[in-house]
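Number of protein chains: 2
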Amino acid sequence: MKRTLVKETVSKIDEKVLIKGWINTVRDHGKITFIDLRDRTGVIQCVGANLEKVTPESAIEIIGKVVKRPEKLINKDIETGEVEVQIGEVKILNLSQELPFDMGKIDLDLSLPTLLDNRSLTLKNQKQAAIFKVQNEVAKAFRKASEDISCQEIFVPTISASSTEGGSEVFEIKYYDHKAFLTQSPQLYKQIAVGAFERVYLFSHAYRAEPSVTTRHLSEVVQMDCEIAFVENFEELLDTVEYVGTKMIVDAYQNSLDQMKLYQVKKPILENKVPRLTLHEAQKIIEERTDRKVVGEKDLSPEDETEICRWALEEKRSDFVTVTHFPTKKRAFYTMPDPNNPEFSLSYDLLFRGVEICSGSQRINDYQILVDAIKSRGMNPKDFEMYLQTFKFGMPPEGGFSFGLERITMKLLELKNVREASLFPRDMERVDVRFSQVEEASKK
Amino acid sequence: MKRTLVKETVSKIDEKVLIKGWINTVRDHGKITFIDLRDRTGVIQCVGANLEKVTPESAIEIIGKVVKRPEKLINKDIETGEVEVQIGEVKILNLSQELPFDMGKIDLDLSLPTLLDNRSLTLKNQKQAAIFKVQNEVAKAFRKASEDISCQEIFVPTISASSTEGGSEVFEIKYYDHKAFLTQSPQLYKQIAVGAFERVYLFSHAYRAEPSVTTRHLSEVVQMDCEIAFVENFEELLDTVEYVGTKMIVDAYQNSLDQMKLYQVKKPILENKVPRLTLHEAQKIIEERTDRKVVGEKDLSPEDETEICRWALEEKRSDFVTVTHFPTKKRAFYTMPDPNNPEFSLSYDLLFRGVEICSGSQRINDYQILVDAIKSRGMNPKDFEMYLQTFKFGMPPEGGFSFGLERITMKLLELKNVREASLFPRDMERVDVRFSQVEEASKK
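Quick note, the sequences are listed as chains G and W, same order. Those letters in the first sequence? Residues 1 to 444, by my numbering. Those letters in the second sequence? Residues 1 to 444, by my numbering.
Hints are computed from structural coordinates only; laboratory data are not their basis. Treat each hint with caution, since some may be false.
Partial pick of chain W residues on the chain G-facing surface, computed with a CB cut under 8 Å [as the list claims (entries may be wrong)]:
#1 S96
#2 I154
#3 Y176
#4 Y189
#5 R216
#6 H217
#7 E220
By construction, the Cβ of each residue, glycine as well, lies at the ideal position given by its N, Cα and C atoms.
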């Protein structure tokens, strides 16, 4: 007998079906038992008499008849609320052990560390699973937007010969008889790629060995990048990043309305174009609105980001705002200085609901200027040999940007901690299991 | 003036256009110069008089008029062969240095190490670029096939707490004050995920610290996996892997016909269903065909793979063949033994044109049997804590498979070495630049 998916039952009234899934809840009323069965498409109520004892989260098969529920018993909260399955047979595929906690409200009941310690189990919770359905839609929407602008997907390695962007926050690998490092970003590879393919996008892993614990950072993240060559000017880059960023977020929202409802998240607002401000303009607005002295600071603080997004929403009816022209010294070496005022750079951040979700810039595309920029940061051009090669042989004006998949998922669902938006988050305290627990266990 | 892409010129005869790209070739006939300009959509001939000197691979803009070529000068080998651009203005965006070799036939002229040493430049070659266009189509087709079977995309980390599959061929990372490792495969994570999401697919990075150099192995590869739960039986898994594998390869072929033509590759053949053989049956066929004694061997050798694919093509008109039931001891610990004969396992490989391109199995889904399997391989269940948790709480019958992106690209284009199918291949001799060259340079 062929399996029927839960959501397909509504079109099979009075038919005999085989359904499979996990037991969401089981309610035993003496002889009569109610089982809410969950599969990837939804939940359905099943009812039977004299059933063998089953436990929540057990994997089972049910053969039964789909029937309409009486009017007064219709459950409007679920898609299958107008029907139920009269159980004929139950086959237990795998009986679950007793659960260590009630699965119903784990997002409220459990601390984040406990939630993550029990990741294999807690992912079965509907609200937890919803996060990764949304993440899936974010990834799809990014891909769609990138293909809209004619980018070709590329795949780049995570093992690199040297630190990509300078700085010491890199993880070192024993690589045969040599040292290697985990990539801080796919930056150099995507620039090499546009030197040949013109427009690329990519999903990559980026690593930061930052010895601190914040709610916004992970040691390993999934980064989504675009890079495009033969750009006409800086404005074309701004148009592009705003197109991809807003399209991705609006599409991901539209394609996961059920999940958004679960999290009571409002639709992203964008009534006109994304407002654009230079850092200096943004700082002046923040000063005017808050009396905090921020003009001249090298970057926006988290507080500033919140405030300028508040301004964008109030004054421009936009959940997005683009900030440009960060100080050249504060951005990576490959960032193009503004020819009109080289102290500031042709760089930009896209902000969404109070947080920077994207960073990018036009890049230096002249070989000698790039070599000088590397040297001026105290780095050695020899460590960038393959990368620099690209610029010897006709590199056109180009630029790009990158989004963090986990951070966007977090912001879109208004989660409090980026760890919630990573299936298996890595930080200085945890790789799957907490280090402290591993050490404790090994003492025993 | 808005840019016109090269392939769009054919619909703009007698119009003035702005085109941008790299100089493929430049031929100087005294006063008259011919420039073949290349962008991401194709190549077009441009002709002008008294031009400034330009070098091959320079990035330029041309403003000119598209005109029809005289009948006898039509070039049927390129899409724009019926037109050319009469150059009005040339603007040099970035002048290329002199090239170290002729870009025309680098696949024939250069050794593979030299090709890779100059990756930034050699990727601009049409045949090299074609490889990554095909790779892009393979990835797209895999994603499409996975979504056809209702898989949701997930993202898993590359940093892991212990070696996934046992064995010593792992790269070690200095992870803060701890040791961590690069994942040998995303296996454990995708199994955890199907325990919650039922059907998943993923692109991940897999690492093998194999201290040997072969034409089929890399230290870091992109792996494409599916994993599905609530499978009815072993046959459902075989149907699934054959669907995804053949659909991916046939679609990728169809969507990159230009590239296939460049490499003179024939269309994959599959007249009926993919033939299925147990390892034992395959070995008997090989013995009959070759007189080599192979029945009872633990696996197929590369020679055997070639031979059984030859059989499938000759006898079954198929470029694909599925081989099942490999010895349980030769497969990873999570592989389900065949209940009818536990010495052999519910495992399978999919072969394409002489090479294994996919490996998979039904998995053990019972907690205690899995713990015993881990112990019997000399591993410690404590190292698999989060993974094992999944099996305590109702893991349904499930299985999956994984493809190597680079290896499929290689096979589809009949390349000789998997390094050609990786943008930036990693092996024991190279991370971007060859280690031997780095060491030599540092002595100077």
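Cross-check of the supplied hints:
1. The closest approach between the C-beta of W:S96 and any C-beta of chain G is roughly 4 Å, which is under the 8 Å cut-off, so the hint is satisfied.
2. Given the 8 Å rule on beta carbons, the hint for W:I154 holds: about 6 Å separates it from the nearest Cβ of chain G.
3. With a cut of 8 Å, the hint placing W:Y176 at the interface with chain G holds, because the nearest CB-to-CB distance is about 5 Å.
4. Hint status for W:Y189 relative to chain G: holds, with the closest Cβ pair at about 6 Å, below 8 Å.
5. With a least beta-carbon distance of about 18 Å to chain G, the hint placing W:R216 at the interface is violated under the 8 Å criterion.
6. The criterion of a C-beta within 8 Å of any C-beta in chain G is not met by W:H217, whose closest approach is roughly 13 Å, and the hint is violated.
7. For W:E220, the shortest C-beta to C-beta distance to chain G is roughly 5 Å, which falls under 8 Å, so the interface hint holds.
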